[in-house]
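Protein chains in written order, with numbering that gives the first Met the number 0: chain A, 0 to 153; chain B, 0 to 153; chain C, 0 to 153.
Bear in mind the hints are in silico, worked out from the structure with no lab data behind them. Among the hints, erroneous ones may be present.
[Said to hold, decoys possible] With a cut-off of at most 25 Å between alpha-carbon atoms, the simulated BS3-like pairs for lysine-lysine come out as follows:
id : chain 1 : residue 1 : chain 2 : residue 2
1  : A       : Lys86     : B       : Lys32
2  : A       : Lys32     : C       : Lys86
3  : B       : Lys86     : B       : Lys19
4  : C       : Lys55     : B       : Lys55
5  : B       : Lys86     : A       : Lys32
6  : C       : Lys32     : A       : Lys86
7  : B       : Lys32     : C       : Lys86
8  : C       : Lys32     : A       : Lys32
9  : B       : Lys55     : A       : Lys55
10 : A       : Lys46     : A       : Lys19
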Amino acid sequence: MSQVEARLAAAGHTVPPSPKPAAAYIHWTQHGKLIFTAGQIPSRDGKPVATGLVGKDHTLEQAKKVAEVAALNVIAALKAAAEANGKTLDQVRILRTMNFVASAPGFTDMHLVANGASELFMLAFGTMHARSAVGAPGLPLNVPFEVEVVAELG
Amino acid sequence: MSQVEARLAAAGHTVPPSPKPAAAYIHWTQHGKLIFTAGQIPSRDGKPVATGLVGKDHTLEQAKKVAEVAALNVIAALKAAAEANGKTLDQVRILRTMNFVASAPGFTDMHLVANGASELFMLAFGTMHARSAVGAPGLPLNVPFEVEVVAELG
Amino acid sequence: MSQVEARLAAAGHTVPPSPKPAAAYIHWTQHGKLIFTAGQIPSRDGKPVATGLVGKDHTLEQAKKVAEVAALNVIAALKAAAEANGKTLDQVRILRTMNFVASAPGFTDMHLVANGASELFMLAFGTMHARSAVGAPGLPLNVPFEVEVVAELG
Numbered sequence: 000m001s002q003v004e005a006r007l008a009a010a011g012h013t014v015p016p017s018p019k020p021a022a023a024y025i026h027w028t029q030h031g032k033l034i035f036t037a038g039q040i041p042s043r044d045g046k047p048v049a050t051g052l053v054g055k056d057h058t059l060e061q062a063k064k065v066a067e068v069a070a071l072n073v074i075a076a077l078k079a080a081a082e083a084n085g086k087t088l089d090q091v092r093i094l095r096t097m098n099f100v101a102s103a104p105g106f107t108d109m110h111l112v113a114n115g116a117s118e119l120f121m122l123a124f125g126t127m128h129a130r131s132a133v134g135a136p137g138l139p140l141n142v143p144f145e146v147e148v149v150a151e152l153g
Numbered sequence: 000m001s002q003v004e005a006r007l008a009a010a011g012h013t014v015p016p017s018p019k020p021a022a023a024y025i026h027w028t029q030h031g032k033l034i035f036t037a038g039q040i041p042s043r044d045g046k047p048v049a050t051g052l053v054g055k056d057h058t059l060e061q062a063k064k065v066a067e068v069a070a071l072n073v074i075a076a077l078k079a080a081a082e083a084n085g086k087t088l089d090q091v092r093i094l095r096t097m098n099f100v101a102s103a104p105g106f107t108d109m110h111l112v113a114n115g116a117s118e119l120f121m122l123a124f125g126t127m128h129a130r131s132a133v134g135a136p137g138l139p140l141n142v143p144f145e146v147e148v149v150a151e152l153g
Numbered sequence: 000m001s002q003v004e005a006r007l008a009a010a011g012h013t014v015p016p017s018p019k020p021a022a023a024y025i026h027w028t029q030h031g032k033l034i035f036t037a038g039q040i041p042s043r044d045g046k047p048v049a050t051g052l053v054g055k056d057h058t059l060e061q062a063k064k065v066a067e068v069a070a071l072n073v074i075a076a077l078k079a080a081a082e083a084n085g086k087t088l089d090q091v092r093i094l095r096t097m098n099f100v101a102s103a104p105g106f107t108d109m110h111l112v113a114n115g116a117s118e119l120f121m122l123a124f125g126t127m128h129a130r131s132a133v134g135a136p137g138l139p140l141n142v143p144f145e146v147e148v149v150a151e152l153g
């Protein structure tokens, strides 16, 4: 097991199998040592773990937990990318994340929701990343959160 | 004619001339073999082919067709990038697409709208890409769809 | 002083110190000569210079000025990145910008708001970039604009 997965396990998290893409795409592509992931949603066993808007159907604290689930799906995609290169998650560094929060009118704490994903990435990889967080009126399958990542293989 | 354009022609699609940018930007930039495109909208001959929100002014099927028009403008930008490098579209691979769908409240099938673009890219290039699809409350010129791409030259 | 900063100064703009990140992230990361910035908001001395929605709380012209403030924060991040490599802003080229405009229902001039940032970048660096501009129902801290950038070091 990679040290990344060991740190996640110590915090109670398991890297899931990479979920089936919800549409006509794949979960990651590679250019040199750069990895681009698809936008990952908070799904488990192929089903969204939450639906609706943050600030209406979900509190900030609930939304941060939902963001963790999406972040684990990012890590699953990065694990597949690493393994396809004969590496493990310990050779991965996240460079930049783009976070979308399905937001009720007036909700403006997208950055705090995104912390749910960012803090999990920091725990797992031990490095910091650049990041954007913005609102959306809705997201695919009515999920409250989506995150895509650019990473590098060491 | 490139094989990419031949496959598109067989499906009834023509790569248009790259449209005039709607504001202070250019359609593509290059770093090594990476190409970053500007966000492309569903315009033809300099005019939006559709305006309004998906889920209110457009059905899913209509929106998928609109997404194809934006995807053709992406391919036009990639063609210009390839030709500036003495290459053709046959040396292009799309790595990642970011799709925005102008969505009426309650519309959550952005991923299916984005399939309109993704399926055209797969038909044209014969490869799969990573992808994000999200909602927006509105887009420039009131178009229902916008897509930007990161690609590589072979 | 770099020529980039001299050109900005001649137009009345000063590159600020890079602001404290609003959450769990850093302002830039690097892969080879590629720089990824975090999404930058229109803050000065750690406080948003404007809040609310464009098309309701801000006119287009006001929003363009707000976008300039965010663009200066991008330049501050790029300056830090350049200096960490023993370079100056004169060795930086912006490749692609992603612009989010917090938009009131019916507002569809996101591309013109984004020009506030793009035109400042063009003035500063003397080069053009690829670009996307989209609407959002809201942004962190209720700011009306956010922009993230991919750039390269020469």
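Here's how the hints hold up against the structure:
1. Lys86/A x Lys32/B: Roughly 24 Å between the alpha carbons, so the hint for lysine 86/A and lysine 32/B holds.
2. Lys32/A x Lys86/C: 24 Å, holds
3. Lys86/B x Lys19/B: 22 Å, holds
4. Lys55/C x Lys55/B: 22 Å, holds
5. Lys86/B x Lys32/A: Holds, at roughly 23 Å.
6. Lys32/C x Lys86/A: Holds - the C-alpha atoms of lysine 86/A and lysine 32/C are around 23 Å apart, at most 25 Å.
7. Lys32/B x Lys86/C: Roughly 23 Å separates the two Cα atoms, so the pair holds.
8. Lys32/C x Lys32/A: 13 Å, holds
9. Lys55/B x Lys55/A: 22 Å, holds
10. Lys46/A x Lys19/A: Cα-Cα ~10 Å, so holds.
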